[in-house]
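Chemist: The whole structure should be built from the sequences, with the hints applied where relevant.
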Amino acid sequence: MPGSSTRPPSSTTSPAVSSSTEPDLSRSLSSRHIQLLAIGGAIGTGLFMGSGKTISVAGPSVIFVYMIIGFMLYFVMRAMGELLLSNLKYKSFSDFAGDLLGPWAGFFTGWTYWFCWVVTGIADVVAIAHYVTFWWASAPLWIPALACIVLLLALNLPTVKAFGETEFWFALIKIVAILTLIVVGLVMILTKFQSGPGEEASFSNLWENGGFFPTGPMGFVAGFQIAVFAFVGIELVGTAAAETKDPTKNLPKAINSIPLRIMLFYVGALVILMSVIPWTEFSADESPFVGMFTLAGLGTAAAIVNFVVLTSAASSANSGIYSTSRMVYGLARDGDAPGPFGRLSRRKVPQNALFFSCTFLLAGVVLLYAGESVSAAFTLVTTISALCFMFVWSIILFSYLAYRRRRPHLHEESKFKLPGGRIMVYVVLAFFVFILWALTTQPDTLTALLVTPIWFALLGGAYAVLRRTPLHQARVAEYKAMAAEEREAASAVSRG
Numbered sequence: 186m187p188g189s190s191t192r193p194p195s196s197t198t199s200p201a202v203s204s205s206t207e208p209d210l211s212r213s214l215s216s217r218h219i220q221l222l223a224i225g226g227a228i229g230t231g232l233f234m235g236s237g238k239t240i241s242v243a244g245p246s247v248i249f250v251y252m253i254i255g256f257m258l259y260f261v262m263r264a265m266g267e268l269l270l271s272n273l274k275y276k277s278f279s280d281f282a283g284d285l286l287g288p289w290a291g292f293f294t295g296w297t298y299w300f301c302w303v304v305t306g307i308a309d310v311v312a313i314a315h316y317v318t319f320w321w322a323s324a325p326l327w328i329p330a331l332a333c334i335v336l337l338l339a340l341n342l343p344t345v346k347a348f349g350e351t352e353f354w355f356a357l358i359k360i361v362a363i364l365t366l367i368v369v370g371l372v373m374i375l376t377k378f379q380s381g382p383g384e385e386a387s388f389s390n391l392w393e394n395g396g397f398f399p400t401g402p403m404g405f406v407a408g409f410q411i412a413v414f415a416f417v418g419i420e421l422v423g424t425a426a427a428e429t430k431d432p433t434k435n436l437p438k439a440i441n442s443i444p445l446r447i448m449l450f451y452v453g454a455l456v457i458l459m460s461v462i463p464w465t466e467f468s469a470d471e472s473p474f475v476g477m478f479t480l481a482g483l484g485t486a487a488a489i490v491n492f493v494v495l496t497s498a499a500s501s502a503n504s505g506i507y508s509t510s511r512m513v514y515g516l517a518r519d520g521d522a523p524g525p526f527g528r529l530s531r532r533k534v535p536q537n538a539l540f541f542s543c544t545f546l547l548a549g550v551v552l553l554y555a556g557e558s559v560s561a562a563f564t565l566v567t568t569i570s571a572l573c574f575m576f577v578w579s580i581i582l583f584s585y586l587a588y589r590r591r592r593p594h595l596h597e598e599s600k601f602k603l604p605g606g607r608i609m610v611y612v613v614l615a616f617f618v619f620i621l622w623a624l625t626t627q628p629d630t631l632t633a634l635l636v637t638p639i640w641f642a643l644l645g646g647a648y649a650v651l652r653r654t655p656l657h658q659a660r661v662a663e664y665k666a667m668a669a670e671e672r673e674a675a676s677a678v679s680r681g
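Mind the numbering: the sequence shown is residues 186 to 681 in the working numbering, read in order.
Some clues are possibly wrong.
Unchecked claim - Restricting the straight-line Cα-Cα distance to at most 35 angstroms, the calculated cross-link-like pairs of lysine-lysine (DSBU-like) are:
hint, residue 1, residue 2
1, Lys533, Lys377
2, Lys238, Lys438
3, Lys430, Lys346
4, Lys602, Lys434
5, Lys430, Lys377
6, Lys438, Lys346
7, Lys600, Lys430
8, Lys600, Lys533
9, Lys665, Lys346
Claimed, not checked - The following label-pair restraints were derived from C-beta to C-beta distances:
hint, residue 1, residue 2, range
10, Glu598, Asn441, 13 to 21 angstroms
11, Leu643, Leu375, 49 to 57 angstroms
12, Arg590, Val361, 18 to 26 angstroms
13, Leu375, Val612, 38 to 46 angstroms
These are computed hints drawn from the structure, not numbers from a lab. These figures come from a predicted structure and were not determined experimentally. A virtual CB, placed ideally from N, CA and C, is assigned to each residue, including glycine.
Modeler: Written out as structure tokens, the structure reads:
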């Protein structure tokens with residue numbers, strides 16, 4: 186039957202794909218790996234270091250900001266989950282984008298996702314180098330930066346399970362730090378701790394300093410503009426789908442726990458922070474976690490939070506190395522990247538793709554010596570990266586719409602349907618339009634918004650060359666024929 190679940194996606198029928206006798210990615214990530222990977226992806230470094238700025242801009246309304254963003258992205262993850270489980274031969278969302286929207290979508294999604302994580306990884310390497318100087322002030326910055334890249338490469342090369350174990354412990358550190366903050370904060374609230382004259386820890390601090398929306402509607406909007414960047418990486422479970430044990434069980438479990446994670450780790454932590462310390466006392470330049478632990482009498486608060494943020498940045502870089510290597514591997518198998526990147530080592534790890542991505546992370550070592558202007562440059566570049574993540578999330582939603590239109594029988598058979606179906610897809614896409622508008626309200630993010638099309642113009646130029654190759658023309662012809670068959674079959678079912 187056209188479009189049936191037994192038909193492999195374009196990535197497995199393309200002539201670019203190696204023969205079936207070659208090794209494929211190993212399904213070695215267990216339930217605990219995929220659960221902690223999902224948590225680690227949902228809790229970004231921005232919660233520890235960037236939440237001070239978000240609170241100072243939006244006040245207590247930031248609670249609703251994180252809830253709304255988390256709510257919307259949950260539906261993106263559910264759409265991704267239904268698509269990945271509709272065909273277990275999909276290696277990632279790049280595969281189903283190419284299969285459902287056309288080869289152009291796989292190319293743009295794969296390389297854009299690679300670009301997102303390489304840029305984020307470079308920023309993480311620079312951040313890690315600076316965090317290490319907290320303890321080793323005299324150290325040349327290039328030493329911890331280079332050591333980080335070598336260490337993460339060494340952890341990823343042996344097996345995918347090694348990556349899973351590393352990310353498991355990185356995520357566990359973040360979880361323990363947030364739970365500790367919540368417990369300590371609750372004790373301070375219950376004992377009516379006083380942080381200053383007339384400043385008593387109480388839940389009433391959430392509304393007694395100008396209400397929940399003290400900075401007005403535009404302050405609320407500015408909160409979205411900043412907070413959306415804290416959620417990049419939430420889609421990591423989709424990159425790991427091809428290496429997950431029992432994906433039909435573990436993938437839904439990881440995705441369904443996203444709302445609980447958002448409520449506990451983001452909303453819970455922010456409620457406690459703003460209850461103990463009035464939101465007016467937060468500084469955009471300081472971590473609220475440091476202030477909270479310092480008030481609790483923990484003299485080593487700065488060192489502890491520095492360690493947590495260091496591991497959080499290392500976790501992000503680790504995820505970047507992993508996800509970019511898998512994405513380049515998939516692109517190579519489709520003929521959208523050089524063939525050698527589609528080869529696996531004896532341990533079923535795409536080592537050529539790993540080395541390729543790590544080479545770009547070395548740019549972070551160079552940027553350490555680029556002068557003071559590098560900070561402003563990173564603000565711009567990481568904002569561009571976050572915008573590209575939104576492009577990837579949107580492609581996932583458009584792929585879902587194509588899937589519902591062309592393969593209604595697979596949707597009917599699915600045991601992990603997207604709640605709300607097409608309606609929620611349009612709601613989330615409308616929300617993304619709102620975020621784009623919010624980005625125009627601040628000068629720095631507006632600049633990033635205007636610069637981002639340069640990346641897509643470069644990709645468009647590369648694709649214009651690639652599409653002329655016989656291999657790619659064959660893939661396009663195959664896609665068009667398959668799409669026509671599926672549309673006809675879907676139309677016949679609707680008529681009958």
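Chemist: Tell me the hint numbers this structure goes against, listed in increasing order.
Modeler: Failing hints, ascending: 1, 5, 9, 12.
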